[in-house]
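Visitor: Chain residues, written in single-letter form:
Protein chains: 4
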Amino acid sequence: MAEPPDLHAHTASLPLQGASDAPTHGQPRVSVLEVHVEFGHCDPAGIVWYPNFYEWFDAASHRLAERCGAGLHTLRAQGYVGLPLMQTGSTYHRPVSFGDDVRVLSQVSGFERKSMRVEHRVMRGDELMLEGFEVRFLGEPHPDHPGRLRAAIIPADFKARFGFVA
Amino acid sequence: MAEPPDLHAHTASLPLQGASDAPTHGQPRVSVLEVHVEFGHCDPAGIVWYPNFYEWFDAASHRLAERCGAGLHTLRAQGYVGLPLMQTGSTYHRPVSFGDDVRVLSQVSGFERKSMRVEHRVMRGDELMLEGFEVRFLGEPHPDHPGRLRAAIIPADFKARFGFVA
Amino acid sequence: MAEPPDLHAHTASLPLQGASDAPTHGQPRVSVLEVHVEFGHCDPAGIVWYPNFYEWFDAASHRLAERCGAGLHTLRAQGYVGLPLMQTGSTYHRPVSFGDDVRVLSQVSGFERKSMRVEHRVMRGDELMLEGFEVRFLGEPHPDHPGRLRAAIIPADFKARFGFVA
Amino acid sequence: MAEPPDLHAHTASLPLQGASDAPTHGQPRVSVLEVHVEFGHCDPAGIVWYPNFYEWFDAASHRLAERCGAGLHTLRAQGYVGLPLMQTGSTYHRPVSFGDDVRVLSQVSGFERKSMRVEHRVMRGDELMLEGFEVRFLGEPHPDHPGRLRAAIIPADFKARFGFVA
Numbered sequence: 001m002a003e004p005p006d007l008h009a010h011t012a013s014l015p016l017q018g019a020s021d022a023p024t025h026g027q028p029r030v031s032v033l034e035v036h037v038e039f040g041h042c043d044p045a046g047i048v049w050y051p052n053f054y055e056w057f058d059a060a061s062h063r064l065a066e067r068c069g070a071g072l073h074t075l076r077a078q079g080y081v082g083l084p085l086m087q088t089g090s091t092y093h094r095p096v097s098f099g100d101d102v103r104v105l106s107q108v109s110g111f112e113r114k115s116m117r118v119e120h121r122v123m124r125g126d127e128l129m130l131e132g133f134e135v136r137f138l139g140e141p142h143p144d145h146p147g148r149l150r151a152a153i154i155p156a157d158f159k160a161r162f163g164f165v166a
Numbered sequence: 001m002a003e004p005p006d007l008h009a010h011t012a013s014l015p016l017q018g019a020s021d022a023p024t025h026g027q028p029r030v031s032v033l034e035v036h037v038e039f040g041h042c043d044p045a046g047i048v049w050y051p052n053f054y055e056w057f058d059a060a061s062h063r064l065a066e067r068c069g070a071g072l073h074t075l076r077a078q079g080y081v082g083l084p085l086m087q088t089g090s091t092y093h094r095p096v097s098f099g100d101d102v103r104v105l106s107q108v109s110g111f112e113r114k115s116m117r118v119e120h121r122v123m124r125g126d127e128l129m130l131e132g133f134e135v136r137f138l139g140e141p142h143p144d145h146p147g148r149l150r151a152a153i154i155p156a157d158f159k160a161r162f163g164f165v166a
Numbered sequence: 001m002a003e004p005p006d007l008h009a010h011t012a013s014l015p016l017q018g019a020s021d022a023p024t025h026g027q028p029r030v031s032v033l034e035v036h037v038e039f040g041h042c043d044p045a046g047i048v049w050y051p052n053f054y055e056w057f058d059a060a061s062h063r064l065a066e067r068c069g070a071g072l073h074t075l076r077a078q079g080y081v082g083l084p085l086m087q088t089g090s091t092y093h094r095p096v097s098f099g100d101d102v103r104v105l106s107q108v109s110g111f112e113r114k115s116m117r118v119e120h121r122v123m124r125g126d127e128l129m130l131e132g133f134e135v136r137f138l139g140e141p142h143p144d145h146p147g148r149l150r151a152a153i154i155p156a157d158f159k160a161r162f163g164f165v166a
Numbered sequence: 001m002a003e004p005p006d007l008h009a010h011t012a013s014l015p016l017q018g019a020s021d022a023p024t025h026g027q028p029r030v031s032v033l034e035v036h037v038e039f040g041h042c043d044p045a046g047i048v049w050y051p052n053f054y055e056w057f058d059a060a061s062h063r064l065a066e067r068c069g070a071g072l073h074t075l076r077a078q079g080y081v082g083l084p085l086m087q088t089g090s091t092y093h094r095p096v097s098f099g100d101d102v103r104v105l106s107q108v109s110g111f112e113r114k115s116m117r118v119e120h121r122v123m124r125g126d127e128l129m130l131e132g133f134e135v136r137f138l139g140e141p142h143p144d145h146p147g148r149l150r151a152a153i154i155p156a157d158f159k160a161r162f163g164f165v166a
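Chains as they are written, first to last, in the working numbering: chain A, 1 to 166; chain B, 1 to 166; chain C, 1 to 166; chain D, 1 to 166.
Because the hints were derived from the structure by calculation, they are not lab data. None of the hints are false.
Label-pair restraints from in silico Cβ distances:
| # | chain 1 | residue 1 | chain 2 | residue 2 | range |
| --- | --- | --- | --- | --- | --- |
| 1 | D | His36 | A | Arg76 | 17 to 27 Å |
| 2 | B | Glu34 | C | His93 | 24 to 34 Å |
| 3 | B | Pro155 | A | Val32 | 37 to 47 Å |
| 4 | D | Asp126 | A | Met123 | 29 to 39 Å |
| 5 | B | Gly69 | C | Gly79 | 51 to 61 Å |
These figures come from a predicted structure and were not determined experimentally. Ideal Cβ positions, reconstructed from N, Cα and C, are used throughout, including at glycine.
Generate the whole structure from the sequences, applying the supplied hints.
Guide: Put into structure tokens, the structure is as follows:
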């Protein structure tokens, strides 16, 4: 696969502007999702069809949230709706092929007042194959519009679960 | 669904930096993919699970390329391998639900020396539901590494097919 | 692709045993779902990866039910939960390839007391590429177990919507 | 979910007619694929959307073949094309939900002259949630039609890899 030299906006590795929260240490901040690349993940070119990477990212974010005590069932019990998406993106470095065993490493890289950024790196051994991100918000029922959501102000204890302190 | 006010990087609508090629007029530059949102596109929240949007984008790019005379079969007949991905991204404005009829409007927004940027807008009637982009390169066999690809320098006639002149 | 001569159980074309209901005529009994085979539908062998056919079947059944006045929103307004699956199957006659335009023709072939059988044929022009079926039931909330479903006795007016009379 | 009492054709558990080959013992005949049910596997009803089960079956068959020394790379090295599908089917006993951990147990249940039948059971703990099957053939290039396949006569040593002797 090509390694095109001239573009690579490196969206995924940009620091989150305005993210002043510093992560603490000793918290379960990084989760790992192991994926065996199946025949059906691959396209006629024999490599992973890229929407599948986003399927992995979504699964990895659920895994991360679960590990940090912020899984969907927990959030719902607290009156939240979940962690819907505002923005996603991915930068592809090397093609991933049928039979590869990869790991998706996921962590929250920062919080805004009403959103969080999850970053994912897909590794084959020590090689970075691709990286991606998801900006999510903490959804709560809109007080004025039944059936609609709005982005909640992220509470400090929610950030703390992912290893961030105010 | 929420309309979070404070983030929205608007990646998809940013002008492509360094894209000096001006589009001509009268070319078949915009393609439309109509999508009926199926039950199976939707997640337990009752809205489209976001990796599906990328499936639509990929289909829409193939449709656009086909319409512009640069479909996969044509490219292969010219010695190219296709239009692999370097980067993708999407910004979500409103949730898309089961039963919605949407249109994916796609166009090339600019070329770099060795890449192109395709932009997609998903509309429900006049409402912009989400927007996304794909940065693709024109793949050719690597002359020194059999079985690998590299990014070709985009020829002028390729740009012209999408409505761009040097 | 092979045309293996010796197996083909023809599950999909078997008459439904015990289906004594005769279809009337002049009803909107057959629906058509048009599918353009996308790059992403195809596997490394360059043909449609078979789980996609079931995605089409599910979409086609929703389309059929909608056309017959038994779409999901209508069913829910009547206290039903939907049309969950009991059994599905498919027999593959010819491979379907990237770029093919196919039609999925769907109809109910018979009712049991508490189930219905939907049959699907995937045609490329006049060629039958594959055929499949789904056995579905009309789900209603279980009176004794909150949160669970049970199969309702199919009412005569439901059958009539699909062109069957008692 | 309902347990409809009156249909259940038990396709998946029917003995393969004409399958006279007796399995030997001590061979690695059963493979296990562990699946954690992701949010994205589930539909608006909150349960696994059924085409996903076939995705698991396909992955499980590749896993089984790999374990038995008949993986895709091995087959191709021997001049075969792979194990394309002739027929598939599934019977659903209980709904599978977001967060469930299930195992897909897979084995070859019999061979015909030019086909094999793979059976899959999806277990949550000791509960059988659903069962399915795939009839596959051993594809080889058609000698008279370049670019087409035909079903090879299954050689004895191929059967032996899955624990069957003539």
